[in-house]
Amino acid sequence: MAAYQTQGFNLDNSGRRVVVDPVTRIEGHLRCEVNIDSNNVITNAVSTGTMWRGLEVILNGRDPRDAWAFVERICGVCTGTHALSSVRAVEDALKIQIPDNANRIRNLMQGALYAHDHLVHFYHLHALDWVDVVSALKADPKMTSELAQSISSWPNSSPGYFRDLQSRLKRFVESGQLGPFRNGYWGHPAMKLPPEANLMAVAHYLEALDFQKEIVKVHTIFGGKNPHPNWLVGGMPCAINIDDAGAVGAINMERLNLVKQVIDQTRAFCEQVYVPDVLAIARFYPEWFKLGGGIASQNLLSYGDFPDIANDYSEKSLRLPRGAIINGKFEEIHPVDLYHPEEIQEFVTHSWYSYGDDSKGLHPFDGITQPSFVLGPNHKGSKTKIESLDESAKYSWIKSPRWKGHAMEVGPLARYLIGYHQNKPEFKEPIDQLLSQLNAPKEALFSTLGRTAARAIESVWAAQEMQRNYDALISNLKNGDTATANVEKWDPATWPKQAQGVGFTEAPRGALGHWLKIDDTKIASYQCVVPTTWNAGPRDAKGQIGAYEASLMGTPMARPDEPLEILRTLHSFDPCLACSTHVIGEDGGELVSVQVR
Amino acid sequence: METFYQAMRRQGVTRRSFLKFCSLTATSLGLGSAFVPRIAHALETKPRVPVIWLHGLECTCCTESFIRSAHPLAKDAILSLISLDYDDTIMAAAGHQAEAILDDIIKTHKGNYIVAVEGNPPLNEDGMYCFPGGEPFVEKLKRVSADAKALIAWGSCASWGCVQAAKPNPTRATPIHQVITDKPLIKVPGCPPIPEVMAAVITYMVTFDRLPELDRQGRPKMFYGQRIHDKCYRRGHFDAGQFVEQWDDEGARNGWCLYKVGCKGPTTYNACSTVRWNGGVSWPVQSGHGCIGCSEDGFWDKGSFYDRLSRVPFGIEANADQIGLTVAGVVGAGIAAHTALSAIKSTVLKKQDLKPLDPATKTDAAEPAAPPQPDEANKTTEEQK
Numbered sequence: 001m002a003a004y005q006t007q008g009f010n011l012d013n014s015g016r017r018v019v020v021d022p023v024t025r026i027e028g029h030l031r032c033e034v035n036i037d038s039n040n041v042i043t044n045a046v047s048t049g050t051m052w053r054g055l056e057v058i059l060n061g062r063d064p065r066d067a068w069a070f071v072e073r074i075c076g077v078c079t080g081t082h083a084l085s086s087v088r089a090v091e092d093a094l095k096i097q098i099p100d101n102a103n104r105i106r107n108l109m110q111g112a113l114y115a116h117d118h119l120v121h122f123y124h125l126h127a128l129d130w131v132d133v134v135s136a137l138k139a140d141p142k143m144t145s146e147l148a149q150s151i152s153s154w155p156n157s158s159p160g161y162f163r164d165l166q167s168r169l170k171r172f173v174e175s176g177q178l179g180p181f182r183n184g185y186w187g188h189p190a191m192k193l194p195p196e197a198n199l200m201a202v203a204h205y206l207e208a209l210d211f212q213k214e215i216v217k218v219h220t221i222f223g224g225k226n227p228h229p230n231w232l233v234g235g236m237p238c239a240i241n242i243d244d245a246g247a248v249g250a251i252n253m254e255r256l257n258l259v260k261q262v263i264d265q266t267r268a269f270c271e272q273v274y275v276p277d278v279l280a281i282a283r284f285y286p287e288w289f290k291l292g293g294g295i296a297s298q299n300l301l302s303y304g305d306f307p308d309i310a311n312d313y314s315e316k317s318l319r320l321p322r323g324a325i326i327n328g329k330f331e332e333i334h335p336v337d338l339y340h341p342e343e344i345q346e347f348v349t350h351s352w353y354s355y356g357d358d359s360k361g362l363h364p365f366d367g368i369t370q371p372s373f374v375l376g377p378n379h380k381g382s383k384t385k386i387e388s389l390d391e392s393a394k395y396s397w398i399k400s401p402r403w404k405g406h407a408m409e410v411g412p413l414a415r416y417l418i419g420y421h422q423n424k425p426e427f428k429e430p431i432d433q434l435l436s437q438l439n440a441p442k443e444a445l446f447s448t449l450g451r452t453a454a455r456a457i458e459s460v461w462a463a464q465e466m467q468r469n470y471d472a473l474i475s476n477l478k479n480g481d482t483a484t485a486n487v488e489k490w491d492p493a494t495w496p497k498q499a500q501g502v503g504f505t506e507a508p509r510g511a512l513g514h515w516l517k518i519d520d521t522k523i524a525s526y527q528c529v530v531p532t533t534w535n536a537g538p539r540d541a542k543g544q545i546g547a548y549e550a551s552l553m554g555t556p557m558a559r560p561d562e563p564l565e566i567l568r569t570l571h572s573f574d575p576c577l578a579c580s581t582h583v584i585g586e587d588g589g590e591l592v593s594v595q596v597r
Numbered sequence: 001m002e003t004f005y006q007a008m009r010r011q012g013v014t015r016r017s018f019l020k021f022c023s024l025t026a027t028s029l030g031l032g033s034a035f036v037p038r039i040a041h042a043l044e045t046k047p048r049v050p051v052i053w054l055h056g057l058e059c060t061c062c063t064e065s066f067i068r069s070a071h072p073l074a075k076d077a078i079l080s081l082i083s084l085d086y087d088d089t090i091m092a093a094a095g096h097q098a099e100a101i102l103d104d105i106i107k108t109h110k111g112n113y114i115v116a117v118e119g120n121p122p123l124n125e126d127g128m129y130c131f132p133g134g135e136p137f138v139e140k141l142k143r144v145s146a147d148a149k150a151l152i153a154w155g156s157c158a159s160w161g162c163v164q165a166a167k168p169n170p171t172r173a174t175p176i177h178q179v180i181t182d183k184p185l186i187k188v189p190g191c192p193p194i195p196e197v198m199a200a201v202i203t204y205m206v207t208f209d210r211l212p213e214l215d216r217q218g219r220p221k222m223f224y225g226q227r228i229h230d231k232c233y234r235r236g237h238f239d240a241g242q243f244v245e246q247w248d249d250e251g252a253r254n255g256w257c258l259y260k261v262g263c264k265g266p267t268t269y270n271a272c273s274t275v276r277w278n279g280g281v282s283w284p285v286q287s288g289h290g291c292i293g294c295s296e297d298g299f300w301d302k303g304s305f306y307d308r309l310s311r312v313p314f315g316i317e318a319n320a321d322q323i324g325l326t327v328a329g330v331v332g333a334g335i336a337a338h339t340a341l342s343a344i345k346s347t348v349l350k351k352q353d354l355k356p357l358d359p360a361t362k363t364d365a366a367e368p369a370a371p372p373q374p375d376e377a378n379k380t381t382e383e384q385k
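So the sequences go chain by chain: A and B.
By the numbering used here, the letter at position 576 of the first sequence is numbered 576, and the numbering carries on one by one without gaps.
By the numbering used here, the letter at position 289 of the second sequence is numbered 289, and the numbering carries on one by one without gaps.
Keep in mind that the hints were calculated from the coordinates and are not lab data.
Every value quoted in this text rests on a predicted model; they were computed, and no experiment measured them.
Backbone N, C-alpha and C fix where the C-beta goes; we use that ideal spot for every residue, glycine too.
Careful, some of the hints might be misleading.
[To be verified] Computed list of chain B residues with no C-beta within reach of chain A, every gap over 10 Å:
{"hint": "1", "residue": "R15"}
{"hint": "2", "residue": "K142"}
{"hint": "3", "residue": "R143"}
{"hint": "4", "residue": "A146"}
{"hint": "5", "residue": "D147"}
{"hint": "6", "residue": "Q178"}
{"hint": "7", "residue": "D182"}
{"hint": "8", "residue": "T203"}
{"hint": "9", "residue": "D209"}
{"hint": "10", "residue": "G218"}
[To be verified] Footprint (simulated), chain A over chain B, 3 or more residues, beta carbon under 8 Å:
{"hint": "11", "stretch": "60 to 66"}
{"hint": "12", "stretch": "80 to 93"}
{"hint": "13", "stretch": "166 to 176"}
{"hint": "14", "stretch": "250 to 257"}
{"hint": "15", "stretch": "293 to 307"}
[As the list claims (entries may be wrong)] To give an idea of the chain B side of the interface with chain A (calculated C-beta under 7 Å), a few residues:
{"hint": "16", "residue": "M128"}
{"hint": "17", "residue": "Y129"}
{"hint": "18", "residue": "P136"}
{"hint": "19", "residue": "K221"}
Chain A with its partners taken away, still in its complex shape (with noise of 0.2 Å):
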């Protein structure tokens, strides 16, 4: 490849080649590869999914009614939202309404995959990119419980609290066995954090990997287990009763008290620890607020969700904000069609599949998947032994989606600054406090940090909606309203003989669209777009990149060989590669054998 321009971007591959596989603290498997100046800065980026497991072609011929349960397990780690944006596509195409409840407990299962979700990937996915966990041993006990009592009223901050943590970590690390944090990147002159700061980070690091567990009892209880909790097209499975003698075998108010519970204290934990930890961690990585933007200042997608009000997916009836920014236009919200055929399409330019015609995009009602597994002509290595990808040829499992052609970022970065210039006061306010907070302009939300603050305030958001729709649920039972499930089109005798839908979701990183074709009663057809296929995925026919790709342009690295750098960047997308990975159509029973050009 010679250097060549796209959406602003100089991408030059002629520099030194860093490969970072596997990408560690992600969902799933993703491959890095970069190229770097003599300044060790980065001049081009290859993102490549590593794992394909063709479960579309799996859920060809099945019971619509079914889907929801193989698509679940598409991912553990956003369990539940690609479950909903199925029973949402087959109740659209069945034109099934769900009750007002139903709508509610989805909402709140959602809420609570938001708070749950952000908080892990915060915590255990992204955190050691910014604290150093051997540092935390020269910590002083009082002066992080003053600096933890400085930035939060949350109630363990003692001394005797740091001391006891410090105590621990320093027996786990004298040990010798350091277990996850063995050769993490402890040291490295990019990691900023003074020890104080780095010790509370620890402890917080521990409390929220007790805390999340309680997060997904709202799962459990309407849905029985998490993950992967049940759902049910139509409704919810989960009868209520609050008053009669088989209350106990329902949703009573025992079981409604412990949702209250877990919603207060995820509150609480978001508010009390993940906020004030992201802003106290974002104030020494100042740099941060400046790297890592690629497309985030220019192209913005989100489907929005939450509906406040029951079968309506419409903007006015979603919480979150839809619409698309491009170009960089942001006084300029475009709606979005999910069934428009010229809208959403998927390109396989680059992919290991195969068109026929691999320059025209395909809309998802209409997408095919024929792997094609060819390593172009200067990858380095052999067929089973990859060293280096060509990113020239086809080099990802991942389709590229573009939205009018145009390569969009999604995730909660995307949701807030669309709903900013919405003028949406809940989205508004709280970037406006933390822009404030931290003395930066609004291009600094265009940024890694940016992403990562985003998410931190989002979980509070989620929390609150968890409440509303809790609020809403008590309501309607106040008012005589019990009924979970609408079974009047349950029996497929009632189905019309073809029928087609679309199923989404923003599932906590963006996003989620679920495409479906019914043929007599069995699936036809079935096609997912998935937030980590818009941001991971490689270059199109155009030769534009990915959010990926383009976040990593221009980044300085201390150590190339130790990719510090590349990770804070593709964690704050928050990337998920079972997701964006599984894609196949439903003629996609032939597999072409391995070719090496």
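Using the hints, position chain B against chain A.
Positioned in the frame of chain A, the structure of chain B alone reads:
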């Protein structure tokens, strides 16, 4: 169980080299020389069992489930019970720093580490439907398993194949026991398995230094020896002929039996109805949805989750409707049929030979290993021009 120090001595490492290793460990952690004796002491006394947790074709629900454990807390399991040295989902290191850990564990803990596998390898396309680190996952799995003490097949992917192996299994996703055939292996199926069951299996292995007793299919009897249906709290409604006929009907609101809306509890061996989920808060049947049988082999291909079980060996399909009409007369027959089935099942559960996990009883004498130099990992990287 031998300590880390004993393991190193057994491999021909001198005391001097061992102390050098301790010194290098202290240095690589940024600790002073004062820590060297303490590290040495710890390694000489009570090591935690190294665990390598691999991910193939999967969805990470098993890891997510594991960190939900309430007793022990995931925090305590990771800090005090095992040494989770490699798990791509939570480990700090990435790329070559991560892969260097694998090489080091294989070398320095030869025969003494546990490989926990989440997901499974695809065998089509030369294994390239999953190639973490640039190589087929199946090769990584074989390489890492070769010197393992035992394998844990987490969840239904590793145990049976699960969703990506559902028909027509386009990637030829293959369960672990079909790929690794020469190691003690325990299956902990479920999609995912119950958090506390996962933690209990690991705790059992570490505490008693052996695999728990397994059934003929390789599952621990203590958690997979009985059907959901056997211990279901709604069983009384089954026996009384009180069924949910349709979602959100009177039966659903009264917590009646879900058999007629497809519950697979009568054919599913798991601990959900006793251990329950997420700290005992609930479980699928308690929350109104039938069991989908997610811990059973091939559960994706046994018809709709909402089809009434028709192949239940005790012929309850014929009885259920009758039960609704004439309760008393049929209950006895139903119970008798259950008893008979349990008897049949128990005869086929052959007591599996328990392979001791104590490395002292193993005969594969380890080759003398060079003193490990963990700090080298941070210096290596792959690069190309």
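Results for each hint:
1. R15: holds (16 Å)
2. K142: Its Cβ never comes within 10 Å of chain A, the nearest being 13 Å, so this holds.
3. R143: holds (12 Å)
4. A146: holds (18 Å)
5. D147: holds (18 Å)
6. Q178: holds (18 Å)
7. D182: Given a closest Cβ separation of 23 Å, the condition holds.
8. T203: Holds, since 16 Å exceeds 10 Å.
9. D209: holds (17 Å)
10. G218: Non-interface label stands for G218 (chain B): nearest chain A Cβ at 22 Å, farther than 10 Å.
11. 60 to 66: As far as the stretch 60 to 66 of chain B goes, the hint holds, because 6 residues have Cβ atoms under 8 Å from chain A.
12. 80 to 93: Held - the stretch 80 to 93 of chain B has 11 residues with a Cβ nearer than 8 Å to chain A, which meets the minimum of three.
13. 166 to 176: Holds, because 7 residues of the stretch 166 to 176 of chain B bring their Cβ atoms closer than 8 Å to Cβ atoms of chain A.
14. 250 to 257: Check passed, 5 qualifying residues.
15. 293 to 307: With 5 residues close enough to chain A, the hint holds.
16. M128: Cβ of M128 (chain B) sits 6 Å from chain A, so the hint holds.
17. Y129: holds (5 Å)
18. P136: holds (6 Å)
19. K221: Constraint on K221 (chain B) not satisfied, violated at 22 Å.
Checked against the numbered hints above, the structure violates only hint 19.
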